[in-house]
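Keeping the supplied structure of chain A fixed, place chain B upon it in accordance with the hints.
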Amino acid sequence: MHAFLTGPMFYISIAVLVIGLLVRVVRYIRGLDWKLDRVAYRAHRKAGMKGAARSIFKWLVPFGTRSWRVQPVMTVVFFVFHIGVVAVPLFLLAHNMFLEEKLGFSFFTLPALAADILSWGVLAALLILVLRRIALPEVRILTTFHDYFILALTAAPFVTGLICRYDPANYDFWLLIHIAAGELLLILIPFTKLSHVVTFFLSRAQIGMDFGIKRGGMKGKGMAW
Amino acid sequence: MPEGTLCNKQPVDTEEQLKALLADKGGQIYYEEMKHLDVDVEMLRQTLGKSLKSRLRTWLSMCARCGMCADSCFFYRINDRDPKQVPAYKIQSTLGEIVRKNGNVDNAFMHMAMETAWAKCTCCNRCAMYCPHGIDVGVMISYLRGLLYQQGFVPWEMKVGAGMHRVYRAQMDVTPEDFVDTFEWMVEEYEEDYPGLNVPVDKDDADILYTVNAREVKHYPEDLAEAAILFNIAGENWTVPSKGWELTSLAMFAGDWEACRLQVESVYDAMDRLKPKRMVGTECGHAHRATVVEGPYWAGRPDGLPPVESIHYVEWVAEALRTGKLKIDPEKRIKEPVTIQDSCNYIRNHGLRDVTREIMSYIVEPGYFIDMAPNGEHNYCCGGGGGFNGIGLYRPQRNKALITKRDQIMHTGASLVIAPCHNCWDAIRDLEEEYQIGIRWSFLKPLLIDMVVVPEHMKPKE
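Taken in sequence, the protein lines are chains A and B. If you want my numbering, it's the 1-based position in the first sequence plus 117. Note that my numbering numbers the second sequence so that position 254 is 247, with each residue one more than the last.
Hints were generated in silico from the structure; no laboratory data involved. Check before you lean on any hint, since a few could be wrong.
[What the hints assert, rightly or not] Taking lysine to aspartate or glutamate and the EDC-like style, the derived pairs with C-alpha atoms no more than 20 Å apart in a straight line are: (1) A:167 - B:296; (2) B:12 - B:166; (3) B:320 - B:358; (4) A:336 - B:296; (5) A:152 - B:296; (6) B:236 - B:302; (7) B:46 - A:150.
[As the list claims (entries may be wrong)] Heads up, incomplete: computed chain A residues facing chain B, CB under 8 Å, no partners named: (8) 148; (9) 155; (10) 160; (11) 171; (12) 316.
Because the structure is a prediction, the values reported are computed rather than measured. We treat Cβ as the ideally placed atom computed from N, Cα and C, and that holds for glycine.
Here chain A stands alone, though its shape is the one from the complex (with noise of 0.2 Å):
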């Protein structure tokens, strides 16, 4: 079981995961229009490039935008919860003697320390975002079954990961289920909103484009956000 899922499953939960954002990418500009959408994509470029780069750059700095600065506890938790569930799966010792092992290399390794509160961020995050959910009703009344799936399908990684990382009786088990969890969640990604690890950076440079282009990034200053 171990070989299986380190191996030949691995490889395909990357491929899955790779060929999936790829499509989602080139199915998302593809279906850009400019009259439908009504942004002169092509005839401007240079602005929307730079429309497009300031909508991202902002909203990726903490505090960046006024929507961030106006919900201080959800940014907190948002980004504690972002760096994490990208920086630990990425960075992790562990992790990268087994990426330099089966694909021949790997990242940078973060600190032990690190790790671990990193990982615990998460979880302290997700809870949060999980009772958010249910506490306010502004909240609540958007909330569908999707949304409580991919929390609990990011979660799983992180708990097994943690389990394993205080070294219990039954390791190897809790490994099994630890792999099966990750690679389960990059199976997923594309298929859910999840998804939104590429079309967060599509649909937030769309919009910039939209106001670098039409309204007003030619004439002012580009937008508040």
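Using the frame of chain A, we list chain B on its own:
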């Protein structure tokens, strides 16, 4: 009964149809007929297939349902934080449902969607600035309006308005003759006070082609005279087109995209015919949005720009003050607490925030200008945008929506509100009527006339 005689899926294309619709005061029969109007599911599906592409589809499906848009919406804030007023909910429960059900919706659903599209959103686009994914619910509500219009589920005044544009190429029954006659008559009225005042009609190669809002012709003709006076004082080489003078587009509020195209092409035709250097539009927000920002796309112009450079009245005023074409008598500057209403349609949606602030620096005595909070691109809608002011059916909701602006104005302590936008101007007039907070409100033109230095040759001889 599938189709009513007044409420149906056919746009109003003739004067007779328009008169029949208008004869039904307030749309009593019209709304009665709407209760029985069928949904053409096949047509709805086809329209979705043709026009719902990656941008809108992605917005609908990627919404993280995080609720961060809630507080950005003035409807949500003013209606006791009703979760049904959260922008994401408003679009998911309407357009989202239509897409999920592939058009399989009924009459009751369409009534709910109509109320959501016209009484719970003014398409101010403020929520777009607060969504981490950059989802613009205002754009999607506007798209939804198009679907509803096509199916005949549209407020009576919107159907009338779109019909006016189809029949008269104006939002009211004002013909080219009415327009020219009224303009010339108003100029004559003021000629005694301003010798040499004139309105050049259909002049070729002018520096400025001036376009207006039909309401000015019909209800506020002084506005035309004031525009003429200021252009004359500034020494501008200007003209008005006898055809294609209407800048506005109620068709845009109605979601009648074909009428939008017809309307804006009439203005572009005037540009092509008279070859002006630039177009200046009157003090109207949605009209600028329609003709200058969105219009090029309706007309299929790949560069997204009108045939000639087109600017809002505030841009012309700022430029005239900056270059000294208009000089302000320092003694006559505004010396009372004053604030400015930022129109969504050209501040948030066309980046003109600094332009209006520049005007304030010339016409207000230092220390008297107070900005609203929030302001600029983050300002709230006046409460009556997107056609909301004009819809009788939703008047109670509109009056409640005015509270946001009322409170914003009261917090500034201003006694005068400058509103260079017809919709905002109306909403602020109505909020004073409704809530009596003791303010005055004004366009820029009358204020400028009172304080501008009139050159000797334009002063009346003793």
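Each hint tested on the structure:
Taking the CA atoms of residue 167 (chain A) and residue 296 (chain B), the gap is about 17 Å. The hint holds against a cut of 20 Å. Between residue 12 (chain B) and residue 166 (chain B) the alpha-carbon distance is near 10 Å, which keeps this suggested pair within the 20 Å criterion. Distance restraint check for residue 320 (chain B) and residue 358 (chain B): the Cα-Cα separation of roughly 14 Å lies within the 20 Å cut-off, and the hinted pair is therefore satisfied. Between residue 336 (chain A) and residue 296 (chain B) the CA atoms are separated by roughly 15 Å; this keeps the pair inside 20 Å, and the hint holds.
Simply put, residue 152 (chain A) and residue 296 (chain B) have alpha-carbon atoms about 11 Å apart, close enough for the 20 Å limit, and the pair holds. Among the hinted pairs, residue 236 (chain B) with residue 302 (chain B) is consistent with the structure: their alpha-carbon atoms are about 19 Å apart, no more than 20 Å. Taking the CA atoms of residue 46 (chain B) and residue 150 (chain A), the gap is about 8 Å. The hint holds against a cut of 20 Å. Interface hint at residue 148 (chain A): satisfied, since its Cβ lies 3 Å from the closest Cβ of chain B, which is below the 8 Å cut-off.
The closest approach between the C-beta of residue 155 (chain A) and any C-beta of chain B is roughly 4 Å, which is under the 8 Å cut-off, so the hint is satisfied. Residue-level restraint check for residue 160 (chain A) holds (minimum Cβ-Cβ distance to chain B is 4 Å; threshold 8 Å). For residue 171 (chain A), the interface hint is violated, since its Cβ never comes within 8 Å of a Cβ in chain B; the closest pair sits about 12 Å apart. The criterion of a C-beta within 8 Å of any C-beta in chain B is met by residue 316 (chain A), whose closest approach is roughly 5 Å, and the hint holds.
In this structure, only the earlier hint numbered 11 is contradicted, and the remaining ones agree with it.
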